[in-house]
Amino acid sequence: MKATHWLFAYLAAVVAVTFIHEPWLLAALLVVVLAMSGAGRWRILRRAVLAVLTFNLTVSLGYSAVSLWQGGFSAAYLLLVNLRVLLLVYLGFWFVARVNLLEACRFSPSLSFVVTLAAGQIEAFSRALRDFRLAFVSRNAAAPALSARARHAAAQAGHLLDKSVCMAAETALAMRSRGCFDDHAGLPPLQPASRPAPAWRPHRSEAASPFRKP
Amino acid sequence: MHIPDGFLSPQTYLPAYAAAGLAWAWAARGLRRTLDEETVPRLAAMTALAYGLGLVMVPIPGGTSGHALGVAMLALLFGVRLGFLAYSLVLLLQSLLFGAGGITALAVNALAMGLAGSVATVLAFRGLRRLNETAAVAVAAWTSVVLPGLLVALALGLQPLVAHREDGTPLFFPFGFAITLPAVLIPHLFIGAGEALLTVMVWRFARARKWHSPLPLAGEGQGERA
Amino acid sequence: MIELTDIRFAWPDAPPVLDGVSLSVREGEKLVLLGANGSGKSTLLKLMNGLVQPQSGRYRYAGEEMTPAKLKGGAWTRRFRSEVVLLFQHPEAMLFNPTVRDEIAYGPRQLGLADAEARAERWMAALGLTQLADKAPFALSGGQKQKVALAAILALEPRVLLLDEPVSSLDPRASGWLVDYLLDCGKTVIVSTHNLSMAAELGERAVVLGEGGRLLFDGPLQDGLRDRVLLESANLVHRHRHRHDGVEHAHTHTHDWESSR
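Residue numbers (my numbering), protein chains in the order written: chain A, 20 to 233; chain B, 752 to 977; chain C, 18 to 278.
Take these hints with a grain of salt, some might be off.
[Stated by the list, open to error] Where chain B lies over chain A, by a calculated footprint (3+ residues, C-beta under 8 Å):
{"#": "1", "segment": "23-36"}
{"#": "2", "segment": "44-57"}
{"#": "3", "segment": "91-101"}
{"#": "4", "segment": "172-178"}
Bear in mind the hints are in silico, worked out from the structure with no lab data behind them.
Every residue gets a Cβ at the ideal spot worked out from N, C-alpha and C, and that includes glycine.
All chains, please: the whole structure from these sequences, using the hints.
Now the structure itself:
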């Protein structure tokens, strides 16, 4: 249940942070979180900064331009929003690095199944689509026409559709085969067979083989 | 529409989660009724499909490419409930497994893209298919991109109104409707065109394949109800 | 013609799949790339087709250094893509045109060749695809898709053929045709396979990739196929107990993996 606790702790932390409107408090929390993160902290921080850079820069510059022109510019606001976003994104990356979502979903078996199955198929799809992209580059000696690019996108989508329909059918069969849909509630426990199982006899090794050696 | 955490106020995302929770319960119950033991494998496959579609780059008028969305495809081929749940799960996996962030925006995105997008698709398709099926698919797909864009632009533009200090300084996203609406909608008009093209081609592919899904194709009026 | 020097490559967020690989291929050579699944054969072929850049090391084609800038477009890209072609392991990744004929004619048409249609007809005939000419590629079986993909790249009449597991889904007739074609074509051919019985037919020189991305062997094919220790360390043969002729023993051997399907 530990992973699930971390999940709810993360969610609670996110909600709590969005109720804080003092930049210094957010900065302090960021320092605390960095301290708690252990060895990977700078890598996570770097990833977090890179992840929000474009969007935050655009919003910050846009806000500065609009509010300097229309009046009402607040440097405190810029500090607040950027610190908040950085802290939240950092928490998100930290969560993903420390906690396995698939484990955290154990509180709901159905959700757990769905998420695990989907994650596996997503890996396969990502690799397949990578091959599609590379093959398209390989087959185009000159810049491809719009129609070719459109067809290429459609071919990828078609491939995904085919594979996912097959996957749904196969997985259903596999789950049935493993007894996932059988309801054993109310049945008595399975009795062991009346005959004892045959004793395990190891095969003779090469050296001890009584047969002719070639 | 990737909105990093920290730009949506709790006054927005908490009610959004409440609404999304109800919508998820509605969708899940409906699916269990029609699919029962096949729900889990089907939903997993559709989630992977939705995620994969988001990786496909579609040419957009104007020369660039953008990521496809696939909401229209899923809604037209598999129905609103499956599409909505699959997209919600994709958003969940993206933010908590693949580290793309955006957990606060998840409910807004799920409602805007997954639900509103799917419902608009099916309504537009059913309304227009009598005139011309291909055009109906194209318009439905275009709507499946533009309507969620509008909703997200509204959600963002709302922030300065619902979350500000006494002196009017914003606390979350700083721009009002006057900026968010054109800034978000205009690109989406073009992205929608790319999505329409892809969806039409895939629709034809699915038809030509005569491909068999255990669920009847949603456009035929059986099975799923929007 | 192809010169790889100390290539090191890793896919994002993965350990290196090629580590210190150096290789030199002369024009007209027929090379067989051997290695177990996951040993980096496909990656090496993609690298030779200019689809991925190594993290370190150099790749020269026809004396020209292959850099990302060179492959951005323009005359060099055109020349390279028409001279060096790759058949992917999963050929469906290569197909995106509405009919088989369009698929095979795509490359020549893109290059603006006047005889594009004639080439398409010729290569369809060579691979026995004429009856399928107007069918959609996605509707074909695995083996047919592989033939279409093969025809599509051969139609460019390239100088270098990079083939990733080309016989894995081909039926015996088609794979027989392919073996004859490769021997007679005079082009530079690099074929990857983990099917040792076919490997002997596909070239004169063998390059063996081991698990970990290092080159374990580079030399005459027959020598490589005879070296049981090498093959076992590259996970191309195995040993397990088996019985034949009333005798039970264990020794390294191969099976005809997927050689007749």
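Counting residues of the segment 44-57 of chain A that have a beta-carbon nearer than 8 Å to any beta-carbon of chain B, does the count reach 3?
Coverage by chain B is violated for the segment 44-57 of chain A (0 residues, Cβ < 8 Å).
8 Å C-beta criterion, at least three residues: is the segment 91-101 of chain A covered by chain B
holds (count 6)
Given coverage of the segment 172-178 of chain A by chain B, tested with a Cβ cutoff of 8 Å and a minimum of 3 residues
holds (count 5)
Taking 8 Å as the C-beta cutoff, is the stated coverage of the segment 23-36 of chain A by chain B satisfied by three or more residues?
Per the Cβ count (5), the hint holds.
Violated hints amount to a single one, hint 2; each of the other numbered hints is respected by the structure.
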